[in-house]
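Protein chains: 2
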Amino acid sequence: MNQDLRREREAASFNPELLTHVLDGSPENTRRRREIENLILNDPDFQHEDLNFLTRSQRYEVAVRKSANMVKKMRDFGIADPEEIMWFKKVHLVNFVEPVSLNYSMFIPTLLNQGTTAQQEKWLLSSKGLQIIGTYAQTEMGHGTHLRGLETTATYDPETQEFILNSPTVTSIKWWPGGLGKTSNHAIVLAQLITKGKCYGLHAFIVPIREIGTHKPLPGITVGDIGPKFGYDEMDNGYLKMDNYRIPRENMLMKYAQVKPDGTYVKPVSNKLTYGTMVFVRSFLVGEAARSLSKACTIAIRYSAVRHQSEIKPGEPEPQILDFQTQQYKLFPLLATAYAFQFVGAYMKETYHRINEDIGHGDLSELPELHALTAGLKAFTSWTTNAAIEACRMACGGHGYSHCSGLPNIYVTFTPTCTFEGENTVMMLQTARFLMKSYDQVHSGKLVCGMVSYLNDLPTQRIQPQQVAVWPTVVDIDSPDSLTEAYKLRAARLVEIAAKNLQNEVIRRESKEVAWNLTSVDLVRASEAHCHYVVVKLFSEKLLQIQDKSIHTVLRNLCLLYCLYGISQKAGDFLQGSIMTESQITQVNQRIKELLTAVRPDAVALVDAFDFKDVTLGSVLGRYDGNVYEHLFEWAKKSPLNKAEYLLLHSWRSQPSHTVNG
Amino acid sequence: MNQDLRREREAASFNPELLTHVLDGSPENTRRRREIENLILNDPDFQHEDLNFLTRSQRYEVAVRKSANMVKKMRDFGIADPEEIMWFKKVHLVNFVEPVSLNYSMFIPTLLNQGTTAQQEKWLLSSKGLQIIGTYAQTEMGHGTHLRGLETTATYDPETQEFILNSPTVTSIKWWPGGLGKTSNHAIVLAQLITKGKCYGLHAFIVPIREIGTHKPLPGITVGDIGPKFGYDEMDNGYLKMDNYRIPRENMLMKYAQVKPDGTYVKPVSNKLTYGTMVFVRSFLVGEAARSLSKACTIAIRYSAVRHQSEIKPGEPEPQILDFQTQQYKLFPLLATAYAFQFVGAYMKETYHRINEDIGHGDLSELPELHALTAGLKAFTSWTTNAAIEACRMACGGHGYSHCSGLPNIYVTFTPTCTFEGENTVMMLQTARFLMKSYDQVHSGKLVCGMVSYLNDLPTQRIQPQQVAVWPTVVDIDSPDSLTEAYKLRAARLVEIAAKNLQNEVIRRESKEVAWNLTSVDLVRASEAHCHYVVVKLFSEKLLQIQDKSIHTVLRNLCLLYCLYGISQKAGDFLQGSIMTESQITQVNQRIKELLTAVRPDAVALVDAFDFKDVTLGSVLGRYDGNVYEHLFEWAKKSPLNKAEYLLLHSWRSQPSHTVNG
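So the sequences go chain by chain: A and B.
Using our numbering, the first residue of the first sequence is number 1, and each one after it goes up by one.
Using our numbering, the first residue of the second sequence is number 1, and each one after it goes up by one.
Bear in mind the hints are in silico, worked out from the structure with no lab data behind them.
It cannot be assumed that every hint is accurate.
What the hints assert, rightly or not - With a Cα cut of at most 25 Å, we get these calculated SDA-like pairs of lysine to any residue:
| # | chain 1 | residue 1 | chain 2 | residue 2 |
| --- | --- | --- | --- | --- |
| 1 | A | Lys-313 | B | Glu-151 |
| 2 | B | Lys-643 | A | Asn-69 |
| 3 | A | Lys-643 | B | Ile-212 |
Model the full structure from these sequences, guided by the hints.
Rendered as structure tokens:
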């Protein structure tokens, strides 16, 4: 154990194990999670080279091997529960992307959801056993967000009872699907269905792309890797171009919509259920944001406890950099955010399961709000986390730029979350649409429920400055509940401003859609304030469930820090509408500094509670055993001068002209 | 020419060539810059593979070859002026790092500044000719910011008249110097000088590290690459460990301090001049921030003009994404920032040259302010640019994550600027120290001059809320001058708050240093506000020099956008102290939306004016010829499935157990 970290741990005011149980949901969950993690950590088959020292191609090869191993081991270990699979993968992969993941996360689920029984019989077993490796090809070079704009066509030919697949333009080439570039031999392709001369919109087709056995692209198929990316080296995101490529009619997934042998189109009864998958994935991503941020905080805070630098008082030993107020101000609000997002992630999971059960009973009433909430929270948490990981990295000084910190990999693996599964700005505008609908509902005299119920209390005509006194202004900056009220008032005010600006634009412009676009900056701001309120509210409510007094105290400080930091960053929003006074904002800034001091002694224990065994695998700076600098020196020795480099340098030295051409 | 871009250019309200002349300083500068750029762009020796598709080792090899070529070509082309060398390198290297750069940027200048004539005679010619390749080894594994903490020792042995160099601890190993890992055979090493049993602090020594001819590390030297990093693949940042390694007495750079043969230490007369180098490098980095941000804006705005997606009105063709207000709100304030920083960069260069001349005449009076200003502006512009490059990248949707955008490389190449040459928080605190000194000076009845002269106008006791009415509150949000006043008042207020909080802490705490640490968050905030004011002021003043009316109009809009966006982001600062009213902030938000609409028709011309010929070399999305998607498809084809991958996948397919072990 590192001496600095040992001292930090001994000084903590609480037992981190108890907090780990809170984060996992129960002591039993913690036990089982560790059991699964240890299966992997103790298994020699799961050791592999440090990926940072490999080429992209080598990283891909390691990933393919690991993917194959993983499938086998999960079977061996009897791990089948989705949550347990997630724990297993998270430790197994250590911030690592696997080429066959889409077979399990998209190909098989889509087959199950949209395939007929006969189709499942035909493809399910072999895709589960990886004879077939499938992926899901939706995005095209020219279209991601706007699904209706996808250009790939599947034209039915009744004579042969086949669909003819085409990529009619450069922009229609499928682009980005994971595992498509090299690994997969099948893809579920989304294409515009054309039959009897009419286009019926997007449908899903099972498309063989490579020959089983030889793994060569099939005739009519052009497939390959889209090239190097910012991270995701192990993943072969790919392209797919189809030229008059024929597949049997039976390859269209026909559980809902159908094309009869003669080409007659039978439309689906309902498509509400596909809605559920999006909601599930986005609510899962909120938890991923929490996890990535927690990991970044663990590394940055541990390193800040170990790193000694400069001096506070001249002549005294160099302090831990965690003792500098500026370092605390960089990291502790992020630590508070990590906890906030952990609780939001847990809430999203519970809510999803609850509403999913309701849906099972035919009750879809809560789905619109859940959809709006997951969209907004996915954007809010991923934007925040994205910037926060980089802040953690830059808080580690020079070593943050080295892969030894593990932070660059956390960043590049996380950052696509801001764009995939719904681009964040688009997500915020979806939430805004729900907020505007709710606002209109209140204005037409109906009450709204759920997280937006604060709109019921809106006094009319309130945004005129002279009438702001209507607000209750007694915010107690030491009460999470009172601060939640302040965030609620801010959200209500920004929703109202967006709604009124939208109304004004509607009056001025020729179309509602143009008005919407010209108000979209206000709409995004309103959604952000709404999401921020939800996070603050959930964190405050979580405190009520904490029994242990020592845990309650530290979490309450983090909750206050999260709330007050947000107010300080967005002080204008809280001053406007007189939610808070100028002198309160001054007090907020003072109180934040006091909270930094209060959190300081528990900072290391607070990241220990996240219980990342695997930090040590990906990060030298996050290690807690021994001397971090000795580990760093060992790590660096893995990239000696190789022979080609030596010969080049040697030849250069011996040439007086200093021209070294290849 | 791409059709969308052609249409954008035809619709512009001004001639971008005229604006390019403004940015370059004169039409003659533009002409000469292009002449140099064309030398490279037309030279087949400078074409090379796309680095994105190479391994780290291959990238390093290309870089070494290019470095060698560059030295030769600059000689051939007769390029010797420092500014011209910079242009040459910038185009030549295209966001590319060269292993021998430290030989020219640090080794030779240090030899010239600190070496005696005899030392220059001995090493200068061969280092200019690259027989000797030198680097500059200062940072150690355990110390970057805190120079006095460096642990490497150089102990003088009068018997042999040698220095004995040692790395006594793991943390004392030199870490990070560019070109040290593989390329260099000499290093200027900073070490604690010990002679006659006494330590005299840091001094510079010329240390041979590899044998000329064989390029093997010399006995007593352990040297190598520190391993993979976030970017900088081409650079062999290295480590250096010395064990009782002896160098002759003559290898200590002795222009100022000296060690006599008997070991007597002769201290330097003055060390003010080393100050100058830091100031120069930091002021240069302000220009680099401007350049990197301008490039990122060029790519993101061109791509947003070419990319069509979604719909504003149903049934109409897909709009350019640049027509979405949210996209404009993401990009145009950054474009305004890029222009702001361009002008700040030009100002810094002029000021540096002016003050350098003064220093030449023995006048050091302006050096403290220049030092404070460069420190703060280096931090302010690099933090802003760092976040802005990522915002540009994420504004490009999925393609922003691909190296085809060029943006990940711009980011990873730029981001170290936040840490090197003075860690940003440390820089901000240096500026704060100057601000506090100036504040104290005013309070003791003396006037201050230069950028801080606003402190002369501070009414005493003004931060009490009840007295805020003292401020003039008539801010005209359509006047850059009036907005500059508002920023000035904000800076003055935050400097005063920091000063008062510091005073309070000094009274409460046992030491000034502890008080400083416990106020450092306020101090950084004050420095940021000061720097923000300086940027706004310089941009506003630049407008006065613009003759052409059409150019003046677009730059004025950008200046307003920069000022108002900053106010909107930091509204709390402007509401507090009643610098602005709530209804003014509401107007600011409205005015920003109008400015987005005003900038929209000129957005492409505004990035064209940056005149980056080289964008097309590093970025597919930034290209302006033909169809960007066709270029993208060609680009992706450069990474086909290789043989090892194929064999692995093929073997996997034929094994029923699906276990592929390496």
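Here's how the hints hold up against the structure:
For the hint linking Lys-313 of chain A to Glu-151 of chain B, the alpha-carbon distance of about 20 Å falls within 25 Å, and the restraint holds. Between Lys-643 of chain B and Asn-69 of chain A the CA atoms are separated by roughly 22 Å; this keeps the pair inside 25 Å, and the hint holds. The suggested pairing of Lys-643 of chain A with Ile-212 of chain B holds, with an alpha-carbon distance near 18 Å, which does not exceed 25 Å.
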